[in-house]
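Could you build the full structure based on these sequences and the hints that come with them?
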Amino acid sequence: MSTTSPTSSVAFRPEAPAASGLIELVVRVLDVVSIVVCARLASTLRVDHPLPQGLDMTLLTFAAAFALVVFPVFSLYQSWRGRSMLLLAAKVALAWAVVQIGVLVLLFGLHRTESISRVWFICWTVFTCASLIGTRLAVRSVLSRVRNAGLNLRHVAIVGCGTHCHDIARNIRRSPGSGFRAVAAFDARPGSDVSRTRIPTFNDFNGFVGFVRRHAVREIWLALPLSEEQTILKFVNEFHDDFVNVRFIPDVRSMALFDGGVTDLIGMPAISLVGSPLPAHALLKKEIFDRIFAALALIALMPVLASVALAVKLSSPGPVFFTQKRKGADGRVFRIYKFRTMKLHTEQAGHLKQATRDDPRITRVGALLRRTSLDELPQFYNVLRGDMSVVGPRPHALEHDELYQKIVSGYLQRYRIKPGITGWAQVNGHRGETDRVEKMERRVEHDLYYLRHWSFALDMRIVAATVLHGLVNRNAY
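The working numbering numbers the first residue of the sequence shown as 1 and each following residue consecutively.
Some clues are possibly wrong.
[Unchecked claim] Quick list of in silico lysine-lysine cross-link-like pairs, DSS-like style, CA-CA up to 30 Å:
(1) Lys-285 x Lys-338
(2) Lys-313 x Lys-327
(3) Lys-406 x Lys-327
(4) Lys-406 x Lys-325
(5) Lys-406 x Lys-338
(6) Lys-313 x Lys-325
(7) Lys-439 x Lys-343
(8) Lys-406 x Lys-439
(9) Lys-285 x Lys-327
(10) Lys-313 x Lys-343
(11) Lys-327 x Lys-343
(12) Lys-343 x Lys-325
(13) Lys-327 x Lys-234
(14) Lys-338 x Lys-325
(15) Lys-325 x Lys-285
(16) Lys-338 x Lys-327
(17) Lys-338 x Lys-439
(18) Lys-313 x Lys-285
(19) Lys-439 x Lys-325
Keep in mind that the hints were calculated from the coordinates and are not lab data.
Next up, the structure:
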């Protein structure tokens with residue numbers, strides 16, 4: 001493998017250092033404009049119920065100021081170069097929901113809730129959310145065109161070996177709008193076929209270093225296995241005094257259960273190979289959504305809950321609710337609530353019999369509740385208490401946990417986060433009796449997929465699928 005010099009074939013345009021700051025300022029201004037303009041637009045729908053003089057400016061000023069405080073917490077003003085736009089849209093929606101909750105708290109504090117039209121507030125919320133997402137899509141589209149034209153680029157030099165290095169170069173090529181351009185590669189293990197990256201390749205360290213400095217490359221990605229500690233240190237020490245971002249992108253797919261990323265642990269960087277699949281900020285966002293959603297669901301479903309409770313009470317002797325111990329996050333045991341669907345009966349100690357098709361223990365009302373999943377509604381109380389999440393792996397009885405953790409690989413990893421009322425396995429048809437080990441294995445596979453690929457957008461997709469076609473299922477009996 002020969003060292004190549006791409007000086008004559010590659011034109012480098014250094015990234016403007018003030019570009020990211022200017023983009024952030026533009027987005028902040030657009031956010032404030034969206035909040036104000038959408039409020040005025042919503043008011044045109046309620047000309048018969050105008051806001052009291054002075055209150056509209058108070059609300060808009062508070063909402064705009066609070067948004068500029070809350071949005072950075074959700075990383076909405078950081079560079080999203082190369083990251084998912086769907087995830088950004090979900091974060092915008094969640095952040096704006098937090099701002100509007102703050103507005104409601106302000107109204108309650110001022111005792112002015114009766115002065116606000118509900119139609120206006122809902123329209124303002126929806127219009128602004130759409131505008132906040134739309135402006136970011138527009139900015140992203142403009143930046144993508146600019147980057148495709150060769151401007152606002154970050155040039156990347158890859159240090160690696162084998163397939164992992166090739167995969168990174170390929171992903172950069174497939175995402176031209178991200179603004180990253182791979183301009184050189186260094187073969188850390190001569191003969192590992194790094195030349196397949198289709199970019200100039202070096203096997204001489206000094207030649208590679210000279211190329212990086214000569215062309216002002218600002219990104220070096222170390223696509224190396226964990227065993228290459230000496231090589232990693234060599235590059236870190238070499239560029240210690242240069243304005244170069246040296247990023248370590250290890251190939252840990254063969255050993256990591258979840259993509260936990262890098263965390264700060266007592267001042268030291270740590271890569272989680274086995275641990276919670278969700279970082280702390282993601283858990284916080286999920287927690288905020290869960291509590292708000294559960295509270296609203298319990299209020300909205302109050303007539304349904306009362307009707308079902310009455311039907312259960314009249315259907316057969318016994319309590320309205322059925323409670324059972326289940327495992328929660330990190331194996332903590334809690335008591336789950338459901339509407340009772342069976343006649344009172346006794347279970348053999350240490351043995352739990354699952355419901356089967358045409359099970360004589362199930363009441364007529366209970367059969368309907370099970371088919372429509374209405375028996376699960378009291379679990380919104382568990383969510384409100386913090387025992388469960390709206391979306392997550394479904395919890396099983398403790399007896400089943402004891403059985404399946406011994407025979408199904410990865411079974412207990414489902415409890416790395418809070419269990420959910422609905423989940424990825426459930427909306428994909430994996431519900432009901434697990435009379436064969438294969439059924440539980442499929443369910444666990446879907447749960448682990450959810451943990452590895454969690455996003456707020458995926459949660460919304462599961463909630464929508466549950467509402468649209470996940471409530472009634474032929475396997476629920």
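What are the numbers of the hints that this structure violates, sorted from low to high?
-> Hints 13, 18 contradicted; others consistent.
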